Amino acid sequence: MSEAGKQQDNEFAIQTRGLLKQFASVRAINNLSIALPREGITSIVGPNGSGKSTLINLLSGTLPIDEGLVIIEGMSLRAILPYDSPNHGITRTFQEVRLFDQMTVLDNLLVILTKREVFGSLFEPPRASYRNRARQLLDSVGLWDKRQDMAANLSYGQRKLLEVSRALAMDVQIYLFDEPFAGLFPAMLERVKGLLEGLRRERKTIIFIEHNMDLIRQLSDYTFVLDSGELLAEGEVQEVLAKPEVIEAYLGT
Amino acid sequence: MLEKPVAESPWWRSLSNPRLLGTRLSSNVELLINFIVVVATIVFILSQGSGFGIRIAQLFAIFAILAVSLNLVIGYTGLLSLAHVAFFGVGAYSVAILTTDAAYEQVPGHIPHFGLSFFTALFVGMAITGVVALFVGGVLSRFRDDIFVLVSVGFAVISHRIFLFWQPVTRGPFGIHAIAKPEVGGMVIDSRLEFLFLTLAFLVIVFLISWLIVRSSFGRVLMAIREDEQAIEVFGYKARYFKLTIWVISAMMAALAGGITASEQTFIDPQSFVLLESILLVTIVILGGLGTLWGSLLGALVFVLLNEGMRFVPFLPGELIGQARLAILGIVIVLLMLFRPQGLVGRFKL
Amino acid sequence: MKILNADKRLPALPRSIIGHPLVSIVVAGVIIYLALLLGQSADQFLQFSINGIVIGAIYAIVAMGFNIVYGTVWFFDLSYGAMATMGAYSVFYFTGRQIQTVGRGEINNLYLDIFMGILIAGVVAWVLYVWIYPELRSRINRITLLAVGALVALATGAYTGLILAHPADLNVFLSPTIGLLVATASGCVLYLGALSGIGSGRGLILFLVLGLPGALALGGYSGWLVADTLSTRLYLSWFMGAILAGASGLAIYRGVYFYLRRQARSPLVMLVGSLGFLLSITAFIAIIFSPDGRPLAQPFGTVPWSLAGAFIKPFQVLIIGIAFAIFGGLYLLLNKTSFGTAVRAIGDDEEVARIVGINTPVVIAVIFFLGATIAGLGGILLGEDIGIRPQMGLLLLLKGWIASVVGGIGNIYGALLGGFVLGMVENYGVWYIPAQWKDAVAFVLLIFFLSFWPRGLLPRR
Ligand SMILES: Nc1ncnc2c1ncn2[C@@H]1O[C@H](COP(=O)(O)OP(=O)(O)OP(=O)(O)O)[C@@H](O)[C@H]1O
Ligand SMILES: [Mg+2]
Chain A
222 MSEAGKQQDN EFAIQTRGLL KQFASVRAIN NLSIALPREG ITSIVGPNGS GKSTLINLLS
282 GTLPIDEGLV IIEGMSLRAI LPYDSPNHGI TRTFQEVRLF DQMTVLDNLL VILTKREVFG
342 SLFEPPRASY RNRARQLLDS VGLWDKRQDM AANLSYGQRK LLEVSRALAM DVQIYLFDEP
402 FAGLFPAMLE RVKGLLEGLR RERKTIIFIE HNMDLIRQLS DYTFVLDSGE LLAEGEVQEV
462 LAKPEVIEAY LGT
Chain B
4 MLEKPVAESP WWRSLSNPRL LGTRLSSNVE LLINFIVVVA TIVFILSQGS GFGIRIAQLF
64 AIFAILAVSL NLVIGYTGLL SLAHVAFFGV GAYSVAILTT DAAYEQVPGH IPHFGLSFFT
124 ALFVGMAITG VVALFVGGVL SRFRDDIFVL VSVGFAVISH RIFLFWQPVT RGPFGIHAIA
184 KPEVGGMVID SRLEFLFLTL AFLVIVFLIS WLIVRSSFGR VLMAIREDEQ AIEVFGYKAR
244 YFKLTIWVIS AMMAALAGGI TASEQTFIDP QSFVLLESIL LVTIVILGGL GTLWGSLLGA
304 LVFVLLNEGM RFVPFLPGEL IGQARLAILG IVIVLLMLFR PQGLVGRFKL
Chain C
113 MKILNADKRL PALPRSIIGH PLVSIVVAGV IIYLALLLGQ SADQFLQFSI NGIVIGAIYA
173 IVAMGFNIVY GTVWFFDLSY GAMATMGAYS VFYFTGRQIQ TVGRGEINNL YLDIFMGILI
233 AGVVAWVLYV WIYPELRSRI NRITLLAVGA LVALATGAYT GLILAHPADL NVFLSPTIGL
293 LVATASGCVL YLGALSGIGS GRGLILFLVL GLPGALALGG YSGWLVADTL STRLYLSWFM
353 GAILAGASGL AIYRGVYFYL RRQARSPLVM LVGSLGFLLS ITAFIAIIFS PDGRPLAQPF
413 GTVPWSLAGA FIKPFQVLII GIAFAIFGGL YLLLNKTSFG TAVRAIGDDE EVARIVGINT
473 PVVIAVIFFL GATIAGLGGI LLGEDIGIRP QMGLLLLLKG WIASVVGGIG NIYGALLGGF
533 VLGMVENYGV WYIPAQWKDA VAFVLLIFFL SFWPRGLLPR R
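Chains as they are written, first to last, in this note's numbering: chain A, 222 to 474; chain B, 4 to 353; chain C, 113 to 573.
It is worth saying that the hints were derived from the structure and are not from the lab.
The model shown is predicted, which means the values in this text are computed figures rather than measured ones.
Please note that a few of the clues may not be correct.
[To be verified] Dumping the calculated DSS-like pairs for lysine-lysine here, alpha-carbon to alpha-carbon at most 30 Å:
1) K464/A to K414/A
2) K336/A to K367/A
3) K367/A to K241/B
4) K336/A to K352/B
5) K184/B to K367/A
6) K184/B to K336/A
7) K352/B to K241/B
Chain A with its partners taken away, still in its complex shape:
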C-alpha cells in the first residue's frame, strides 16, 4: 500500500467494503461501504429496522458477515469471530441489555477484568487490582453499594449503566454503544454522557446509536444515517440532520 494510502487508512478506525447481511427475508445491511473516523464520538442514526444494530453486531462478531470486508486498523477481515473482537480493539454494549443476570454486580465486572486464557484464569488468585478497578468503574456509575446484588434485580436504568461500565472495563480503542441512552432518566443520562465524553478525552473511538436528536447534536462529532441497510448520508451533525432526504426518512416511514 502506498504511503498516501496508509495515511488515509489511519484516519479511520473501521472501514467496511460492500458489507452485506441477509436475514431470511430482509437484507439488514445492503452493500454498505462506510469509513468510521478515528477518535471522537460518531453517531449512527436511522429509522427503526434500518440495520444499525445489525451493523454493530457484524463489527463485533456477534453475527457472522455474509459478504464484504471490514478493515480495522489497516487489517482486512472477511470474518470476525466474536472472541477476537477485543483483539481488534473492539467492545460493545447490547440494545436489549444482556448482563449476566444471576451473578452479582461485582462479578459482572470482575469477569471482564480477569485473564482470558483457560488455564491462566484457572490458576489465577483473586487480585486486589481487579477489585480496585471494578470499584472505580462501579463508583463511576454509582453502583458500588449494589455490588452484592444480583444483576437481575437492578432497575432498568441501573442495568443499562452496568452494561456501559462493563464495556468501559474492556479498555480497548473502539467502543460500540447500541442505544446507551434509551429509557434512561435525566440523571442517569447525564452520567452516561459524562462517561462517553471521558472516553473522548482519552482519545478513544466511540460509536453510538441513538434516536434522540438533541443527544445526537450535543455529543456527536460525526454522523452516519442508515436507511434500509444503506448509507443515506454522512457528515457533520448539523448539516446531515438538515438534509431533506434524512428528514424524509425519519418522518416518512
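Chain A is already provided as a structure; the job is to place chains B and C with the ligands on it using the hints.
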C-alpha cells in the same frame, strides 16, 4: 461470588443458644433445610447402628462426588448433561478391567488381563475417561438447550450398550467380578470402614478442587457462559474451551467415583450404568441446588436418606423400593420447578 | 428476567459446518451400502425393510404427537413417554385376563379407578367451564349452569371409574356410550340430509317420523352388538387407553405446565419439569403393575402373511395404516380448519395470537390432549406388537424425539418422514452387528444429522 450479605454472626454461634437458633431457623429457610437434613441423618444412623451408618455414608460419599462434579457442569456452566453416568461407567469399567489378573484366563468368556494395582488403574482410568470426555464434549459443544440434552442422553445410551454388548472387553451382562481392592503401603484396604475413609478422603479432595475452581476467575467465566454465552464471547473468552475444560474435569471426577465404586463392590455389571442413573443424578443436583457445591452434598444426603428410609415404609415390597423412590423424586422435581426452582439451598434458577 | 425473543424460541440447533458436497457423498455412500445389502440377500433386505417400516410407523406416530406440541409451545414434553406407557397399560388393564399373565396380572386397583375417575371429572369440568360456560352464561342462570356442569363432570368421572372397576366387562359398560354416539351421529346425518334434500317443512316431519326412530334404533342396535361381542373389547380398550392418556396429558398441561410456562426462563425448566412427570408416572405404573415386561393379546392372530420371502403380521399392516391415518387427520386439522390456523398462529407468536383474540389456553390444551392421545396410541401399538414394560415409554420417547429432529422439528411432515427414516436406518444399520445395537445406531444417526443436516429433512418454514 458465593458471598452472601454478611450475616451478623456465624450461624454455628447460635448452636449454643437455643432461642437464637430458633429465630434463625424460622427466618432462614435454607438454614432450616440444612438443619433438618443433618439432624435426620444423625437420628437415622444412630437408630440403625454403625454398620448401617457406614453403608449410608459410603453411598453418600459416592453420590456426593458424582453430584458435586455434575453440578460443575449443570449448575455452574449451564449444560444440562445426562451423560454423566457414561463417565461414571467408563471409570468403573476401566478400573475393573485394568485390575483383572491371570485368574480371568479361567473364566468363561474371559477378557484380557492387565493386573494393574488399584491406584494405577484408577489413574489410568481417569485419563481414559478424560480422553473420552474430550471427544464427547467436542461433539456436544456444538449444541445447546434441548438438543444438548438429547445428544447427551444419546451418549449415555451408547455407553450403556457398549458395556452391555462389547463382550470381549466388558464381559457384557455377566459383569466383572473380583475387582482388586486398593493397597496402601502393603496394607490392603478391605474393611468397609477403611474403604469409607478412603472414599471420604477422595470426596474431600474433589470438593476442594471444585471449590477452588468455582472461586477462581475460571469459575466466574463459567457462570457467565451459563448466563449468556454469546455475550461473554464478545468480551474475548473462547467459551468453547472453557466448557470443554470443565466438562473433562467433571468427567474425570465421575470416573474417580466409578473406580472407587467398582473396587468397593468388587463387582460391576451394566445395570449400574443405565440412563436412569443419570436422571437420578440430575434430580439430586437440582434438588440440592444448582450452582452451589454445598447444595450438592445436601442433595446427595437427602437422596441417600430417601433411598434407605424407604426400606422402613410398611407394606412396600422390597422389589418396589427403587420404583417408589423414583416416584417420589419425580414429584419432588415437579414441585421444585414450580415453587423453588433454585433447589433446597441454591441460588441459581434454571 | 430474560425475554425470549424470536431467535431464542427457535430450536437450539447449530449451523451446519459442512455444505452440500459432503452430504451428496454421504448419500452416495448410503445408496452403495443399501445396494450391497440387497446384493447379499434380497429376502433379508425385504424383511429388514418391512421391520423398519413397521417400527418406523410407530416412531412416526410418537414423533407427530411430539411435533404438534413442540411446534406450538416450543418445548419437548417428556411426559409423553409416560403417556405412551399409560396407553399400553390401559390395554393390559382391560384385556390382561385374556392371556397368560405373570405376577400381579389380575389387577383391579380401586385407588386407580378412583384417581382416574377424579382426573376425568376434573378435565371434563374444565372443558365445560372454558368452552360451554362462556357461551351460555348470558342466557341461563349462572348458578344453575355451574351446578349442571358440575353434575355432568361428576357423572362422567363416576362413569369412567365404573368402567375401570369392571375391566372384564368393558364392552358392556361402554356400549351405552357407543350406542349414544352412533345414534347422535346418524341422527345428525339424517337430519341434515332430510332438511337439505326435501326442504325444511316436510323434511322435519319426515325426519321426526322416520329418521329419529331409525337413528335411535341404529344406536341401540350397535350398542347391543358391542355389548354382545367379546372381541370388541380389544378395540374399545385401545380407545379407552388413548382417551385416558390424552386426558392425563391435558390435566398435566392445565395443572402444571400452564403455571410453569409463565415463570420459565428457558426451555430447560419445562424439560426438567416434564422429566419429573415421566419419572413418577412410570414408577407408579411399575408399582401398580409390577416392573416386569409382559406380552399383550395379539389382534388378528399371530400368523404372519408371507410376502416374497419376507413376513409381515396383519397387525403390523394396521400399524402402518394408523400412522398414515393420523397423519391425514392431523394434516386436515392443521391446514383446513380455523383451529389449525390458530395453532399455527400460536406457534409463530403466542403473544400476538392472544392479542388478536385466539383463546390460547384452550387451543394449547387441545393440542396437549391430541398429542398425548397420539402418544398413548403409539404406546398401545408398540405394546401390542412387542409387549409392554413400564420403561417402554422412555425409549419410545427418545426414538420419537430423534425422529422429530431428524425429520425437522415442529411439523408433522418431518415427523412422518423422520419416523420412517429412523426405523429403516435402525434396521439396516444392524445388518452386520447384533440387533441389540439398534438404540446406539439411532443416536449415531441423530448426531450425524445434527452435524450435517441440523434443520432436519423437512424443516418448518
Ligand atoms: N436475528 C435476526 N433474525 C432475523 N431478522 C433480523 C434479526 N436481527 C435483525 N433482523 C431484521 O433486520 C432488520 C434490521 O434490524 P436492526 O435490529 O439492525 O435494526 P435497527 O436499526 O437496530 O432498529 P432499531 O432502531 O429498532 O433498533 C430488521 O428488519 C430486523 O427485523
Ligand atoms: Mg437496534
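Do the alpha carbons of K184/B and K367/A lie within 30 Å of each other, as the hint requires? violated (54 Å)
Decide if the proposed pair is consistent with the structure: K352/B and K241/B, CA atoms, cutoff 30 Å inclusive. holds (24 Å)
CA of K336/A to CA of K367/A, is that 30 Å or under? Since the Cα atoms of K336/A and K367/A sit roughly 24 Å apart, the hinted pair holds (cutoff 30 Å).
Can you confirm whether the C-alpha distance between K464/A and K414/A stays at or below 30 Å? holds (26 Å)
Is the straight-line distance between the alpha-carbon of K336/A and that of K352/B 30 Å or less? Cα-Cα ~27 Å, so holds.
For a C-alpha distance cap of 30 Å, please report whether K367/A and K241/B respect it. holds (29 Å)
Distance restraint between K184/B and K336/A, which requires alpha-carbon spacing of 30 Å or less: Violated: K184/B and K336/A sit about 43 Å apart, past 30 Å.
When each numbered hint is compared with the structure, violations occur for hints 5, 6.
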